[in-house]
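K.L.:
Go by the hints and put chain B onto chain A.
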Amino acid sequence: MVERHPLLKMATLALLMLSVVCALGPIYLALCSASVTSQQILLHGLALWPGGHLRENLAAVLHRADIGHMLLNSFIVSSIVVAGKLALASTSAFAAVYFRSRVRHLVFWGTFITLLLPLEVRIVPTYAVASDLIEPLRTVLAAFTGLHLHVSLNLLDSYAGLSLPLMASATGTFLFRQFYLTVPAELSEAARMDGAGALRFFIDILLPLSKANFAALGTIVFLTTWKDYMWPLVATSRPDMRTIALGISTFLPTETGQPPEWNLVMAAALIALAPPLMMIGLAQRWFVRGVTGVGK
Amino acid sequence: MSGAAIHVRGLSKRFGQRAVIDQLDLEFAAGQFTVVLGASGCGKSTLLRVIAGLEQADHGTVSIGGVDVTNTPPQNRGCAMVFQNYALYPHMSVRDNIGYALKLAGLDRAERERRIGEAAELLGLRDLLERKPAQLSGGQRQRVAIGRAIARRQRVLLFDEPLSNLDAKLRHDMRMELRRLHNEIGATTIFVTHDQVEAMTLADRVVLLNQGRVEQADTPIALYHRPRSTFVAGFVGTPPMNVLKASHDGEYATIEHGGRVRMAQRTHMPTPVMIGIRPEAIALDAADGIPASLDAVEDLGSHRVIYARIGAQRVLVIDRGRRVCCPGDTLRLGFPPDAICCFDAATGERMAHNAAQVSA
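If you read the sequences in order, they're chains A and B. Take 1 as the starting number for the first sequence in the working numbering and just add one per residue. Take 297 as the starting number for the second sequence in the working numbering and just add one per residue.
Chain B on its own, in the form it takes in the complex:
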């Protein structure tokens, strides 16, 4: 089974007065694992439901495998879906839950049994086939829901926050398993979540949505290191990227109430900017560092999160060293130039590497 590419064009969806999705254009490459990431209410679930056909779009088209399916009912779109609360049929055994769609599709008994067996094998459900959903744990129910979706062998697999009802340990195991399944099955997968860890670990490509619009669509690493806006910078990473008000002039940026940092890009006119830097990129004791006062320290064992302030602006630093830190200490924070992202202070968008020069 191979995946099918999905194209979403000019998609808009309103609920009452509120535009949940606004003029969205997206492509999902065949066989790719795409995570749609966003805070609650950003339209990510609606997008998934429109692709599945459970929700009708107000404007725009959806095509799957080159065929326009905008007005096709869900069962004919070639999609299988895993729901957040599993949506298993409570009165049916695991076997019947997985086999129900196959039965409706008119497959004969032998073929059904073969596919149920395969899905059960893949997900470790062999011994649970005769049980009812009420007799299963949360993780097992989730497996059944996934088994039900993959047994149908559709070209597109849709996941709507499938791991959010599981505890942390189970979530981790299911992440690994989902990635393995995807590699074995090869269906085009769209996975909706608000959890950036799931996005970082599962995705070939992450689509970050903000108020119904695509904020950035990129590989997880690009999303992390080269955020296109301060929104992305603040959304991805735990703790997120530090974003500081500064003004950019020449080859330096001056942080408000703080010192100067050397920038990889130059300007010829003073520009108000925001500079972003990941907490783990900051050095605690740099020779020409910017003075900052230390507020608090969280020790997580593997690393410490240090809460510091430059003037009134909060800066978080992740430190893996053993330097003794006490609240009240003065740190000298070093900002390596190639780790700094520069955002337009007015729009919040990242400035291209030499945009400042061009505008000057």
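In isolation and in its complexed conformation, chain A is listed as follows:
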């Protein structure tokens, strides 16, 4: 529905401007505060106008912490999660839509219900599993057979431990399922007549058609993983496994009496912000298509 009315147009414009201010305002404040000295912030609060110390603040941040290594960690973890989640989501949705089975709905809704259990809710058991991947199996074995395994696999402080718990989610499966449902059934039948098996159909027909969905989901997952603070905080203790989101907090005071250096915190935040911004810039066109469902 498109209404054309001058008043409505003004209201829409005002709403849009408000959203822009809400989205860009904090970034502007961070940029300004990152360009002044620590004393200035302590005296006057967050800076409203840019100062002349951005360069030296950034240099100080890079000098004091191994920012490059943290960025690399974040990038590796986010990439693993993106790859894993896309692979899992697209194949599980394919199974849910194209294979007729008695348990199909059970499996799909089982997957769907995990939406009710985000990582924050299950962080303790997830930590327990990550600290020893074999533990659940060992418990089950011991309960049913009395066998005791003496193996353990600790995933804490590893890339696997940082990424695996974030990988499986129902949102991705659901997004792909909804897209597959819009693909005409004749297409899969035509492929069957042409001699394509299930896997061929998936690779040759479905994957190229869902490029936009991959881009959209990939972008979203990359961003959420990049900015995730809680799980890396819990799952890492070694400094060299820290991600950039944790890195920012190293500039916060750890002892009472130590003055907070907000200018450095803001500068670190700006550095952390740059890669996701670039990512969005690159994927924007596909992202919009994938989310709005245009241009299949």
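Among the clues, some could well be false.
Claimed, not checked - The calculated DSS-like cross-link candidates involving lysine-lysine, where the alpha carbons are at most 30 Å apart (straight line), are: (1) Lys-428(B) x Lys-211(A); (2) Lys-227(A) x Lys-211(A); (3) Lys-428(B) x Lys-465(B); (4) Lys-399(B) x Lys-211(A); (5) Lys-399(B) x Lys-428(B).
What the hints assert, rightly or not - Rough simulated footprint, nothing fancy, chain A against chain B, three-plus residues with beta-carbon under 8 Å: (6) 369-375; (7) 392-401.
Derived by calculation from the structure, the hints in this document are not laboratory data. Note that CB positions come from ideal geometry on N, CA and C, so glycine has one too.
P.N.:
Chain B only, in chain A's frame:
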């Protein structure tokens, strides 16, 4: 490439409680063009899909070229299919759409290119090979879908209402083209449609389905002139055959609330019947005609469709003459005896030429 005969035996298919196909026995001769005709929901598409292997039958067998393929997956049955909405792969060019099956079949590049070229030549797609389906018109997409099917050189070609998404002019052109293609290719062709014009113009043989059963399987001309039941009579022809309630006695039939018509067959006992006659077979002003009142006239230029009534029964007449007709006129309708079909009033089935005599 020559066609393969298809045999369908004792085929039944239910969706839930509803029997879509019920104990169907059919043969499709090798190289023949068969049109399966029927109203929507009569099971014609299901029949095609069972033959293609896209749908599993509950009972019965399908054999192609003498080989039982009831449990064979679709790609190994030697069938190619054209779908109603074309089902082209949207991300592939016309060339790749046609060549996809050939690639999967493991043909080398040169052979693929040769076959794609041949199909494109046959269907006038030469200049469109690099385009994507979204850049094609409806008619062009349909051509690509047909090209994709014939490039595979299968012994059986299946068409599922392929022309129903095209406009009238294009439909006409594609009909001519399909017939020409069939003559060149010679594959056994099964063409499903609800459009009787397509059935009349394309088919060597028409199978008319009604609620999952074969109502009549015949040449188009036999279907038109010698319908086996009132259902066939009412389905085929625009406008369809007139079917009037009457009683048959001796050498005459008396139309309800109307006059008597001489019949080609005789009875010895009064029998309630339905008599059928094509609108174009009726004469408007016959000397001993049956009085009918004229309700309305549709002038189509080449001919007029005249809506008349004998008593309460509607009669349509196609007239190519120039007689002045006004609503309210009284016509004297002449029914030539050899144009009349006689149906059993109870079952709706046509009575054999001397069945009435035998039963008497």
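K.L.:
Are Lys-399(B) and Lys-428(B) close enough, with their CA atoms no more than 30 Å apart?
P.N.:
holds (18 Å)
K.L.:
At least three residues with a C-beta closer than 8 Å to a C-beta of chain A: is that true for the region 369-375 of chain B?
P.N.:
It holds, with 4 qualifying residues against the three required.
K.L.:
Take a quick look at whether Lys-428(B) and Lys-211(A) sit within 30 Å of each other, Cα to Cα.
P.N.:
holds (17 Å)
K.L.:
Take a quick look at whether Lys-227(A) and Lys-211(A) sit within 30 Å of each other, Cα to Cα.
P.N.:
holds (24 Å)
K.L.:
Check whether three or more residues of the region 392-401 of chain B sit with their beta carbon closer than 8 Å to a beta carbon of chain A.
P.N.:
Since three or more residues must qualify, the claim that chain A covers the region 392-401 of chain B holds, with 4 doing so at under 8 Å.
K.L.:
For a C-alpha distance cap of 30 Å, please report whether Lys-428(B) and Lys-465(B) respect it.
P.N.:
Holds: Lys-428(B) and Lys-465(B) sit about 24 Å apart, inside 30 Å.
K.L.:
Does Lys-211(A) lie within 30 Å of Lys-399(B) when you go C-alpha to C-alpha?
P.N.:
holds (23 Å)
The structure fails none of the hints (numbered hints given earlier).
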